[in-house]
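*Asks:* Chains as they are written, first to last, in the working numbering: chain A, 1 to 119; chain B, 1 to 157; chain C, 1 to 89.
Since the hints were derived computationally from the structure, they do not count as laboratory data.
Do not take every clue at face value.
[Unchecked claim] Below, in silico cross-link-like pairs of lysine-lysine (DSS-like), each with a Cα-Cα straight-line distance of 30 Å or less:
hint, chain 1, residue 1, chain 2, residue 2
1, B, K6, B, K62
2, A, K101, C, K31
3, B, K6, B, K65
4, B, K62, B, K9
5, A, K101, B, K6
6, A, K101, A, K29
7, C, K31, A, K24
8, C, K31, C, K41
9, B, K62, A, K101
10, A, K29, C, K31
11, A, K24, A, K101
12, B, K65, B, K9
Given next are the chains, with one letter for each unit.
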Amino acid sequence: MIHNVPYLAAVALAIIGLYAVLFKRNLIKIAIGISILESGVNLFLITLGYRENAVAPIYTNLPEGTSIPEGMTLPVPQALTLTSIVIGVAVLALMLSFAVKIYQHYGTLDSREIRRLRE
Amino acid sequence: MSEPSKIVKTIASIIFPFTMVFGIYVILHGHLTPGGGFQGGAIVASGIVLLLVAFGSAEIAKRVKESHLSILESIGALSFISLALLGLSTTFFYNFLAGSNFIFGRIPPFGSNPGDMNTGGVLPLMNISVGLKVIAGLSAIVLVLSLFARSRKQRKR
Amino acid sequence: MNKIAILMVFIIFSCALISTILTLRPFGEPKSTEMDDYIIKNAQNETGSNNAVTSVVFDYRGFDTLGEATVLFTAVAGVLLVLRRNAHE
């Protein structure tokens, strides 16, 4: 049970983000929620690739007595998380710029108001 | 809108060169230490954002045009793709420089070693091109967003 | 009605996530690691890079990085397209 605490942290982040996405009406708050949801997913990917008492897979000045490859974390989840983080930044920038544009157009950031003015 | 105080401007102009040097170090040593093109590019872009906060977007927009930034980003993307295409005699994304004793062409000894700058094949070159791309892209996004907010504020007046 | 439906979706999704992680393998003991072991052992010889993560990002999985660079480029182009014209008015 105690071994699942990092998974619990990742899922708590994901649930907080999901709450913000589902229940908030401000577009900026929805963007923040999507960002938190994304960081929960990233944390989950990283925890899946961790080994007990392992160091980062970098050979420069490796600590003495590190067993290769059992003493190193898995590199592929880390690389894919890097990809995911950069894509998250790109999506966040697009969301915020569209929120700015919507505010200029409708004068509000409330998602219900925007739906009402659709015609 | 009130101007930022003299303390903010002075501290920002002192910290800015250190941010640049640290970001460029992270980009150039991406194949030896933790980091790489994306991370170092984000650090350099955060330095530019610091300047934007301290001096205002109009001051920065006089010196840096976002069209120049998008040209720089296209240069980064094109050099990344052409580095990938250069290995096409074997496969796409083939590391043709590793072990060729040309630039960045040495193979490090297996296991723990102090780290040699002259290793890694095309990885340092790809780090540099991706770093250029990320610097230009993130700075262009933040610069355009702040310029947009400024133009709205002026129109309201 | 709409609010109750959203609440149901939220509760069902949260319960699914929590019940999944309670039955997951213990933290810190990955099961099938053949590919990662191969990369850790051979990254120095095959790519000449001390950093295995960089060798995965730019060499073993270069196509992923190409797609990521494309996404970043598209996002920057979209932001410039949406906001640039008004900046000069």
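*Asks:* All hints, please: hold or fail.
*Replies:* Outcome of the hint check:
1. A distance of roughly 20 Å separates the Cα atoms of K6 (chain B) and K62 (chain B); the hinted pair therefore holds under the 30 Å criterion.
2. Only pairs whose Cα atoms come within 30 Å are accepted, and K101 (chain A) paired with K31 (chain C) is rejected, the gap being roughly 48 Å.
3. Restraint check for K6 (chain B) and K65 (chain B): satisfied, since their Cα atoms lie roughly 26 Å apart, inside the 30 Å limit.
4. At roughly 17 Å between alpha-carbon atoms, K62 (chain B) and K9 (chain B) fall within 30 Å of each other, so this suggested pair holds.
5. Between K101 (chain A) and K6 (chain B), the direct Cα distance comes to roughly 33 Å. Violation of the 30 Å bound is thereby established for this hinted pair.
6. In summary, the hint linking K101 (chain A) to K29 (chain A) is supported, as the alpha carbons are separated by about 16 Å, within the 30 Å threshold.
7. For a cut-off of 30 Å, the pair hint linking K31 (chain C) to K24 (chain A) is broken: about 39 Å separates their Cα positions.
8. Under the criterion of a C-alpha separation no larger than 30 Å, the hint pairing K31 (chain C) with K41 (chain C) is consistent with the structure, at around 18 Å.
9. Of the supplied pair hints, the one linking K62 (chain B) and K101 (chain A) holds, its CA atoms being roughly 24 Å apart against a limit of 30 Å.
10. A C-alpha spacing of about 38 Å is found between K29 (chain A) and K31 (chain C), which places the hinted pair above 30 Å, so the restraint is violated.
11. Distance check on the hinted pair: K24 (chain A) and K101 (chain A) sit about 19 Å apart at the alpha-carbon level, within 30 Å; holds.
12. In summary, the hint linking K65 (chain B) to K9 (chain B) is supported, as the alpha carbons are separated by about 22 Å, within the 30 Å threshold.
Of the numbered hints given earlier, the model fails hints 2, 5, 7 and 10; all others are met.
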